[in-house]
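Participant: The lines below spell out each chain.
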Amino acid sequence: MIFREVEDPDLIARTKRGKVEAYNILVSRWEKRIFNYLLRLVGNREDAMDLSQEVFLKAYQNLGKLQDVSRFSPWLFRIAHNEAFSHLRRKRPEVELGSGPAVELARPRLEPLELTLAVRRALGRLSDDQREAIVLKIYQGFKFEEMAEVLDCPVSTVKSRVYAALEVLKETLAPIDTRGAE
Amino acid sequence: MNCSQHDLKGYLLGELSETERLLVEDHLGQCSDCREEQEKLRLTAAALGSLPEEEMPYRIAFVSDKIFEPRGWAWLWNSAPRLGFASAAMLAAAILVHGLARPAPTAAAMAAMEARVHGQVVRSLEADLVPVMEDLQYLQKRAAVNYRESLYVGSRQ
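So the protein lines, in turn, are chains A and B. One point on numbering: in our numbering, the residue at position 37 of the first sequence is 209, and numbering is uninterrupted. One point on numbering: in our numbering, the residue at position 132 of the second sequence is 133, and numbering is uninterrupted.
Any given hint could turn out to be false.
With a Cα cut of at most 27 Å, we get these calculated DSS-like pairs of lysine-lysine [what the hints assert, rightly or not]:
{"hint": "1", "chain 1": "B", "residue 1": "LYS41", "chain 2": "A", "residue 2": "LYS315"}
{"hint": "2", "chain 1": "A", "residue 1": "LYS230", "chain 2": "A", "residue 2": "LYS263"}
{"hint": "3", "chain 1": "A", "residue 1": "LYS315", "chain 2": "A", "residue 2": "LYS204"}
{"hint": "4", "chain 1": "A", "residue 1": "LYS331", "chain 2": "B", "residue 2": "LYS41"}
{"hint": "5", "chain 1": "A", "residue 1": "LYS188", "chain 2": "A", "residue 2": "LYS263"}
{"hint": "6", "chain 1": "A", "residue 1": "LYS342", "chain 2": "A", "residue 2": "LYS315"}
{"hint": "7", "chain 1": "B", "residue 1": "LYS41", "chain 2": "A", "residue 2": "LYS342"}
{"hint": "8", "chain 1": "A", "residue 1": "LYS230", "chain 2": "A", "residue 2": "LYS204"}
{"hint": "9", "chain 1": "A", "residue 1": "LYS191", "chain 2": "A", "residue 2": "LYS204"}
None of these hints come from the bench; they were simulated from the model.
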């Protein structure tokens with residue numbers, strides 16, 4: 173017997189027919205990626221967890237509106253993006269998101285590896301828009317076109333955010349010897 | 002073609018077409034400044050890649066709860082099994098309603114029914130008692146005959 177993993181579109185179709193179990197499988201496939209994406213944006217595990225639940229609840233309630241099921245991933249990250257930036261606006265409304273000075277990310281626990289700390293500090297120096305662009309590109313592996321879909325902006329904007337972020341990160345991280353960490 | 006025309010970041014991120022990628026690689030073979038820049042970008046990406054994915058404190062799970070359901074009745078009509086189940090439920094409900102809607106028996110009907118039952122019980126008991134009573138009468142007659150015979154024998158002696 174050849175085992176074939178159920179594809180996301182099948183699970184989405186079953187969820188639309190009211191099968192909560194199918195949606196739970198979908199959640200289990202995506203929850204860690206969404207959680208880490210949110211964690212790297214908001215910098216707090218509890219907030220990232222709460223936001224993750226909100227994301228999947230909203231996705232469930234709005235799944236009927238998703239016409240092209242092959243675009244589930246960017247659609248889900250679009251919801252996560254909206255949740256994250258609403259949260260950041262509530263947390264620090266005085267800062268204009270995307271253009272203001274970057275805020276150092278709060279870390280609930282210490283990591284033993286200095287490199288990990290250095291990377292987190294470097295990411296904390298970026299603006300929210302730049303950090304999100306790096307997270308989507310480097311950690312989530314999206315192409316520029318997909319990122320434009322998630323962020324609802326032109327590809328040229330995505331590209332300039334990623335490139336500007338890399339310039340900032342390069343100044344801090346390029347001198348670090350990463351041979352022990354790879 | 003000068004150095005600024007080569008998209009080293011796009012090359013690093015895998016966003017270039019095959020033609021663009023080959024042009025960059027050709028240029029890197031000739032330009033030490035760009036090789037140095039490319040190495041810095043590579044080290045930056047390597048450092049970023051060292052950040053581990055974090056585990057979730059707990060898993061997210063959904064249960065069947067009506068408040069989460071976007072549409073109620075719409076789902077009912079979306080599948081044949083659901084429709085079949087709904088038909089069976091409606092049939093069961095109709096039977097139940099019919100049973101409950103039947104008129105309750107009146108007191109007179111109940112009394113007549115009790116009288117019929119009582120009569121049947123009495124007749125049944127009488128039928129069972131007849132042979133027993135006949136046996137008893139026979140035994141009483143036999144006892145009387147025996148008594149008279151014993152008196153007659155006693156007088157002869």
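Participant: All hints are to be evaluated individually against the structure, with a verdict given for each.
Facilitator: The hints, checked one at a time:
1. The straight-line distance between the Cα atoms of B:LYS41 and A:LYS315 is roughly 22 Å, inside the 27 Å bound, and the hint therefore holds.
2. Between A:LYS230 and A:LYS263, the direct Cα distance comes to roughly 21 Å. Compliance with the 27 Å bound is thereby established for this hinted pair.
3. Between A:LYS315 and A:LYS204 the alpha-carbon distance is near 20 Å, which keeps this suggested pair within the 27 Å criterion.
4. As the CA atoms of A:LYS331 and B:LYS41 are separated by approximately 19 Å, the hinted pair is consistent with the 27 Å bound.
5. Distance check on the hinted pair: A:LYS188 and A:LYS263 sit about 34 Å apart at the alpha-carbon level, beyond 27 Å; violated.
6. Under the criterion of a C-alpha separation no larger than 27 Å, the hint pairing A:LYS342 with A:LYS315 is consistent with the structure, at around 21 Å.
7. Distance check on the hinted pair: B:LYS41 and A:LYS342 sit about 7 Å apart at the alpha-carbon level, within 27 Å; holds.
8. Note on A:LYS230 and A:LYS204: the hinted pairing holds, with a Cα-Cα distance of about 17 Å set against a maximum of 27 Å.
9. Under the criterion of a C-alpha separation no larger than 27 Å, the hint pairing A:LYS191 with A:LYS204 is consistent with the structure, at around 22 Å.
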